[in-house]
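Put chain Y on the given structure of chain Z with help from the hints.
If you want the building blocks of each chain, they are given just below.
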Amino acid sequence: MLNRRLFLQGSALIGCSAAAHPLMSTATFAAAPGENRLVVIILRGAMDGLDLVQPRGDAGFARYRPGLAALAVGEEGGALPLDDFWAAHPGLAGLMPLWAAGELGFVHATSTPYRDKRSHFDGQDLLEAGTGMDVPVGMARDGWLNRMLQGMPGVQSQTAFSVGAEEMLILSGAAPASNWAPASRLDLSAQARLLLDHVYHDDPLFRDAATEAVEISEGMAPGDKMGGDANRQPLKLAEFAAARLREETRIASFSVGGWDTHRNQPGAMKAGLRRLSGTVLALKDGLGPVWGKTAVLAMTEFGRTVRENGSNGTDHGTGGAMLVAGGAVRGGRVHGHWPGLAEADLYAGRDLMPTSDVRAWAGWAMRGLYGLDAGLIEGSVFPGLQMGADPGLLL
Amino acid sequence: MPSVSTIAAIRFGTGLLPRKAGPAPAPLDAAALLGDLTARDRMAARFPVITRAEAEALARQVRPARRAAQAGTEAGDPAPDIAYRALRQQLRVATNRGAQMVLARAVDAEIGFRERLVQFWGDHFATRARGPELGPMAQVFAEEAIRPHLAGRFPDMLKAAATHPMLMVYLDQTSSVGPNSKSGRKRGGLNENLAREMLELHTLGVGGSYAQADVRQLALLLTGLSWTYRAGWHFDPTKAEPGAEVVLGEAYGGADPADVTEIHAALEDLALHPETGRHLARKLAVHFTSDDPDAGMVAAMAAAYSASGGELMPVYAAMLEHPAAWDSFGAKARQPQDFLVAALRALGVTGAQVAALAHGPANNNLLGPLRLMGQPFGAPPGPDGWPEAAAEWINPQGLAARIEWAMKGPRFWVNPLPDPRRLLRAALDDAAGERLAWAVGRAETVAEGTGLILASPDFNRR
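Those protein sequences? They're chains Z and Y, same order as listed.
Oh and the first sequence: position 346 is 345 in numbering that gives the first Met the number 0, straight run, nothing missing.
Oh and the second sequence: position 15 is 14 in numbering that gives the first Met the number 0, straight run, nothing missing.
This is chain Z alone, in the form it adopts within the complex (with noise of 0.2 Å):
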């Protein structure tokens, strides 16, 4: 049951009984599809896929990448060992936990079908558009996970959020789906709300949306306004997101940013990784109990070059990787088929081979968190995609 009135008290302020506010009657959400929950978080800038998590046992590894890759395994402010093959960046430290249970996994050797021009704008636009090079860049004007809600029964304006100031155009489309800015918390004094409903009480466009705004602001917990702290700001998303999803919400979306690391990489992905890494983290806090019935998807445009360039850094690649978390999914290991580093496995030469698409796995996830027909997500959602064999992202 929700509470939707905009005001808990003081309407003898000016005089107007309670009954006389149409915001003061309550409704009740009707049931929204299943219990599981899918957080899908666009990391933009291109995240350096063989940096979060490096494939140590191939030979080639530490040859392209001499500097990024110079402290051995397991040294002091070096790489974390997942297993024989594979060591996790060390910003992921915070994570390693959820490692250890299987609720943290990776995909390795992924992209969306973008290939060649490597702009960040092009490939987050179709990272979030879902589509493939056959429809030309910035033609989508919906977004894969509307088109996903546009498939499912009883989706309500709650169902899916965007969380964060920044357009979201893989929740936009459609199918209903909500957005919030913490940042815009709805701070008003009881006589200011008084008032203000007054005023919107026979607009029912207005009174329904500051309705749901004073809702939504109200759930935050105090001092949750977003500060100047660009450290935080992710973690205030995950917070508010979670917070969604703990009440009628199923679907949220919302972006990480700073993975464009063409110099210094090792302190901005230090930087980016423990804001990811406290991101996951104040989700799983956040979502409690639901945390067993989450997927958390974070996917970036496209990856970056296996060599190492000139100033520390990396440069727009192809293939690259997807963090995924969660109760939902089968951690503890990396999925994805490895191509290999030697030169004439490379895309072009120059990057890492993808050898699954992004929207498989998504495409899997989804029908797995709430049973999506293949048809449905091969026609509609990614047109085009080839979903292939289950890869078992799932638990």
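Bear in mind the hints are in silico, worked out from the structure with no lab data behind them.
Since we're looking at a predicted model, the values are computed, not measured.
Ideal Cβ placement from N, Cα and C applies to all residues, glycine included.
Each hint should be verified, as a subset may be incorrect.
Claimed, not checked - A few chain Y residues facing chain Z, derived, Cβ under 7 Å:
| hint | residue |
| --- | --- |
| 1 | E73 |
| 2 | P395 |
| 3 | S455 |
Claimed, not checked - Think about it this way: if two alpha-carbon atoms lie no more than 30 Å apart in a straight line, the pair counts; the simulated DSS-like pairs of lysine-lysine are:
| hint | chain 1 | residue 1 | chain 2 | residue 2 |
| --- | --- | --- | --- | --- |
| 4 | Y | K181 | Z | K116 |
| 5 | Y | K19 | Y | K407 |
| 6 | Z | K116 | Y | K185 |
| 7 | Z | K116 | Z | K292 |
To be verified - Over the 12 Å line for every Cβ pair with chain Z, so calculated as not near, a few chain Y residues:
| hint | residue |
| --- | --- |
| 8 | R129 |
| 9 | E267 |
| 10 | L451 |
Chain Y only, in chain Z's frame:
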């Protein structure tokens, strides 16, 4: 129902202005709105924007600076990297300056119908800079391709817009090469993006009677249109597909060497296609009057378009002289940019104050709030521009941002705030509803009274 003069200011202009001392100004009507478009363009002169040469000079420096920064870092010399960062900051500042000038013009304009139409047509040819390089060029686009043609012919606006670097870069025309051209036989290929959007969005409209073959033929015809940072705009015959192209049954081009006149001929015909007239008429009517505009008014506008050979003044006149233009007041919501401008006008803020803000304060008090309200300046969601429906804007996030700004934002601009009862009159005149007037008298503080007025449906609808 408010007076015609109030509706004119709110629905077609940039909002009411506080009454000044002295004789009352003449009430606004259709003739006054049309007169605004033919009067001297004082706002462009008062708040000038960057020139194309300046914007190109800035953009041209980016790639060399980036390369130098990379080389410098590799060689252990931090100076080029510092210079590169400074250049990027300079571009951001120039981009913000452009936004401030646009807002300042709308704040100071006597009526503001011209500024509203600059926005409308700018949105019709929606573009967005993909990086800091072309941020300042967005203003050049509005200044060169849109503003001079507002009261002129749409075919001329189409030619200016479609061949402008800003739109060509945004819609990938700069990477389109005729497959059988001299240069295309070596590398590169056709990109249909501009051709498709031209048919779908800029001329006939998505339901128009064109086929994929027309898109491709138009794309082939457009090859040769070029712009580079180094060389600026030029027509490059080595990229132009040889032979004639057939678009909607008409053959264009075929001259050797190809030149831009054959493209202009096709754009003229596309602009004068009857479906284009109907598409533009309806879009204008939707933007200014109602999401479901009066069919008779739209038909009259389309008829004026074709009768005049694509002149826009008769189209505006057909709209403003139709009774439906003055009906259903309040059916639309002010978009965030218009909301902010109208609020600043009502508060008595001047364009000079808006233009004078430094980079940081402009971010905090103009551009940041617009972002939270759902309309980041200069960054429409796609080539189809900003949405029109009121519900797209008045959603929980967007309305909360408006309420927050209404309650707390004005203090930055005006100190002390005006008496809310006076503000109510300035902001809405006879469009203020009883509920709002009642509530304003009961606000506990001046700031909350101000906030109630600016957050009210009365002020946010038009």
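Against the structure, the hints come out as follows:
1. E73: Because about 4 Å separates E73(Y) from the closest Cβ in chain Z, which is inside the 7 Å limit, the hint holds.
2. P395: Nearest chain Z Cβ about 4 Å off; hint holds.
3. S455: holds, 5 Å
4. K181(Y) with K116(Z): holds, 22 Å
5. K19(Y) with K407(Y): holds, 26 Å
6. K116(Z) with K185(Y): Satisfied, since the Cα-Cα distance of roughly 18 Å is no more than 30 Å.
7. K116(Z) with K292(Z): violated, 38 Å
8. R129: The claim breaks: R129(Y) does not keep its Cβ more than 12 Å from every Cβ of chain Z (closest is about 4 Å).
9. E267: Nearest chain Z Cβ is 25 Å from E267(Y), so the label holds.
10. L451: violated, 6 Å
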